[in-house]
Amino acid sequence: MKGIEIKKVTKRYREVTALDNVSISFELGKIYGLLGRNGAGKSTLINIVSNRIFADSGEILIDGIPAKENMAVHDKLFCMSETDLYDKDLKVIEHFKWTKRFYADFELEKALALSEKYKLDTNKRFRALSKGYQSIFKLIIALSLAAPYVIFDEPVLGLDANHRELFYSLLLKEFESGERTFIIATHLIEEVSNIIEEVVLIDKGKVLLKDSVENLLENGYGVSGAKAAVESFCKGKNVIGFEELGGLKIAYIIGKKAALPKDGSLQISAINLQKLFVKMTGEEF
Amino acid sequence: MKKFKSAVFYGIITKMRPLIIFYLVEYGFLALIMALMALYTGKVEVGINGVEISSAVFLSVMGGLSFKEDFKAFLQNGFTRRYIFISTFCSFILISAAMALTDALIGNILHHFIKFTMYFGTFYGYNHPFANWLWLTVAYVTFCSIFYLAALVVNKVGKSTSLLIAVGLAGAGLLITYLFRFVFTPELVGKIGRFTLNSLGFMNDGTINLFFPILTFTVIAALFALASYALLRRTELK
Numbered sequence: 000m001k002g003i004e005i006k007k008v009t010k011r012y013r014e015v016t017a018l019d020n021v022s023i024s025f026e027l028g029k030i031y032g033l034l035g036r037n038g039a040g041k042s043t044l045i046n047i048v049s050n051r052i053f054a055d056s057g058e059i060l061i062d063g064i065p066a067k068e069n070m071a072v073h074d075k076l077f078c079m080s081e082t083d084l085y086d087k088d089l090k091v092i093e094h095f096k097w098t099k100r101f102y103a104d105f106e107l108e109k110a111l112a113l114s115e116k117y118k119l120d121t122n123k124r125f126r127a128l129s130k131g132y133q134s135i136f137k138l139i140i141a142l143s144l145a146a147p148y149v150i151f152d153e154p155v156l157g158l159d160a161n162h163r164e165l166f167y168s169l170l171l172k173e174f175e176s177g178e179r180t181f182i183i184a185t186h187l188i189e190e191v192s193n194i195i196e197e198v199v200l201i202d203k204g205k206v207l208l209k210d211s212v213e214n215l216l217e218n219g220y221g222v223s224g225a226k227a228a229v230e231s232f233c234k235g236k237n238v239i240g241f242e243e244l245g246g247l248k249i250a251y252i253i254g255k256k257a258a259l260p261k262d263g264s265l266q267i268s269a270i271n272l273q274k275l276f277v278k279m280t281g282e283e284f
Numbered sequence: 000m001k002k003f004k005s006a007v008f009y010g011i012i013t014k015m016r017p018l019i020i021f022y023l024v025e026y027g028f029l030a031l032i033m034a035l036m037a038l039y040t041g042k043v044e045v046g047i048n049g050v051e052i053s054s055a056v057f058l059s060v061m062g063g064l065s066f067k068e069d070f071k072a073f074l075q076n077g078f079t080r081r082y083i084f085i086s087t088f089c090s091f092i093l094i095s096a097a098m099a100l101t102d103a104l105i106g107n108i109l110h111h112f113i114k115f116t117m118y119f120g121t122f123y124g125y126n127h128p129f130a131n132w133l134w135l136t137v138a139y140v141t142f143c144s145i146f147y148l149a150a151l152v153v154n155k156v157g158k159s160t161s162l163l164i165a166v167g168l169a170g171a172g173l174l175i176t177y178l179f180r181f182v183f184t185p186e187l188v189g190k191i192g193r194f195t196l197n198s199l200g201f202m203n204d205g206t207i208n209l210f211f212p213i214l215t216f217t218v219i220a221a222l223f224a225l226a227s228y229a230l231l232r233r234t235e236l237k
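Protein chains in written order, with numbering that gives the first Met the number 0: chain A, 0 to 284; chain B, 0 to 237.
If we strip away everything but chain A, and leave its shape as in the complex, we get (with noise of 0.2 Å):
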């Protein structure tokens, strides 16, 4: 199969389950969004997609190749890691070369394009650069990489309304080029909602729902009114959370719509992604 398949993993630190028996999988050329709240799993799963820890049990396979400690799969995938794990030492431009030197794909030209198009100065060392630019740095890299499989560990950390816009841009250009997969794991939800074709939600170490974010959208939806009618109205049916405001209370439901009642008391709304995942993982973000 192509794609990335995750299959009955789990990480244990001491008492704390990072990952419990989760299984899924990533399929070649969709955008995927890997959402989650602080310490869900999210960087425990793409650290160990990406060898730098292992699991307790359970495989990762990236087309068919287990993917742990295996050369094989060295230009399958790349990870942009949150965490900076390039030598500080050494200048923007000596890491572009290196990163030459390890990846046949690397496209050092179209790299040096795109530090110009943020402005990046690449005769400065990592260590001298502002956070947000180590973000732009990391990112250059990870898209300039012609990788099939490339994720992003909270890309855009640091970045200004500017150079985020510029690199959802940039992430669909490259897209469109050519079958890859991206995997983006935010907080910035409503920021990625345009862009990702599926959403894959893990709280406390399980994966709560993967689906597309158009089916979402579709069957998720709001109901207001008079709480006695907006109770009366969410029997029977999948409530994931509710608002209160006075006499006033909103219901959050996943499923089909049904038809309100014909005395007005009810207005259905529709639910973005964010509101939907803060209702799913039971507590605001």
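By construction, these hints were calculated from the structure, which means they are not laboratory data.
Don't be surprised by glycine CBs; every beta carbon is placed ideally from N, CA and C.
Among these hints, one or two may not hold up.
[As the list claims (entries may be wrong)] Result set (EDC-like, lysine to aspartate or glutamate): computed pairs, CA atoms no more than 16 Å apart in a straight line: (1) K71(B) <-> D86(A); (2) K1(B) <-> D104(A); (3) K71(B) <-> E68(A); (4) K274(A) <-> E175(A); (5) K2(B) <-> D74(A); (6) K71(B) <-> E81(A); (7) K274(A) <-> E242(A); (8) K90(A) <-> E68(B); (9) K67(A) <-> E235(B); (10) K237(B) <-> E81(A); (11) K71(B) <-> D83(A); (12) K96(A) <-> D86(A); (13) K2(B) <-> D104(A); (14) K29(A) <-> D202(A); (15) K237(B) <-> D83(A); (16) K209(A) <-> E4(A); (17) K71(B) <-> D88(A); (18) K87(A) <-> E68(B); (19) K1(B) <-> D74(A).
[What the hints assert, rightly or not] Now the stretches of chain B that chain A is said to cover, found in silico as 3 or more residues with beta-carbon under 8 Å: (20) 3-13; (21) 70-83.
Starting from the structure of chain A, add chain B where the hints point.
Leaving out everything else, chain B in the frame of chain A:
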């Protein structure tokens, strides 16, 4: 193979700047001392100069930092731990060989002109430049291996446990001294002493075997390298 070569080069090239600075400072300092000696005494006799010790200290620091810095960079670039281990030790061997060549060459040349002494020359004489280089190379690799392993242990068990281990090692050193002085029979002490001297190339019949000290350092370096690999293959990013 191309990636492996690149990884080895990364391990070497990224150390070039500190290495050049180190040699400039070390030999600059030595030249200054010799110039001052010549100026004030009219002759230059440096005696034991500590050049090899300085290089060993540099390589020990490099060995420790190689894990701290390069391991993360290699993981970022998708390398497996087996690749990381082999390329790191290849770079250790190449850097050690280059430093040993520099030290042995300069030391032996200076020995002919002034009374510049080196450890190998003091122990085994100055008529074996190739053996001197080889001995120094494996000795330097041994230092790299020991401190690479030490960095791995610190990363694995944390600072507090590492300190306890260090205290334990110091205690073990004292215990061994105690055993030699008060517990072991003179015969046993004699046997251990002879074995140690033989492993350093000083044979019972008074001859010197240059192969043994090189072999001894090679075995020690290999043991530390194997221990490092055993730890590295289970090491995770923190």
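Evaluated hints:
| no. | hint | in the structure |
| --- | --- | --- |
| 1 | K71(B) <-> D86(A) | holds (8 Å) |
| 2 | K1(B) <-> D104(A) | holds (13 Å) |
| 3 | K71(B) <-> E68(A) | holds (15 Å) |
| 4 | K274(A) <-> E175(A) | violated (29 Å) |
| 5 | K2(B) <-> D74(A) | holds (11 Å) |
| 6 | K71(B) <-> E81(A) | holds (13 Å) |
| 7 | K274(A) <-> E242(A) | holds (11 Å) |
| 8 | K90(A) <-> E68(B) | holds (15 Å) |
| 9 | K67(A) <-> E235(B) | holds (12 Å) |
| 10 | K237(B) <-> E81(A) | holds (13 Å) |
| 11 | K71(B) <-> D83(A) | holds (9 Å) |
| 12 | K96(A) <-> D86(A) | holds (13 Å) |
| 13 | K2(B) <-> D104(A) | holds (12 Å) |
| 14 | K29(A) <-> D202(A) | violated (22 Å) |
| 15 | K237(B) <-> D83(A) | holds (11 Å) |
| 16 | K209(A) <-> E4(A) | holds (14 Å) |
| 17 | K71(B) <-> D88(A) | holds (14 Å) |
| 18 | K87(A) <-> E68(B) | holds (9 Å) |
| 19 | K1(B) <-> D74(A) | holds (13 Å) |
| 20 | 3-13 | holds (count 5) |
| 21 | 70-83 | holds (count 11) |
In the structure shown, a violation is registered for the earlier hints numbered 4, 14, in ascending order.
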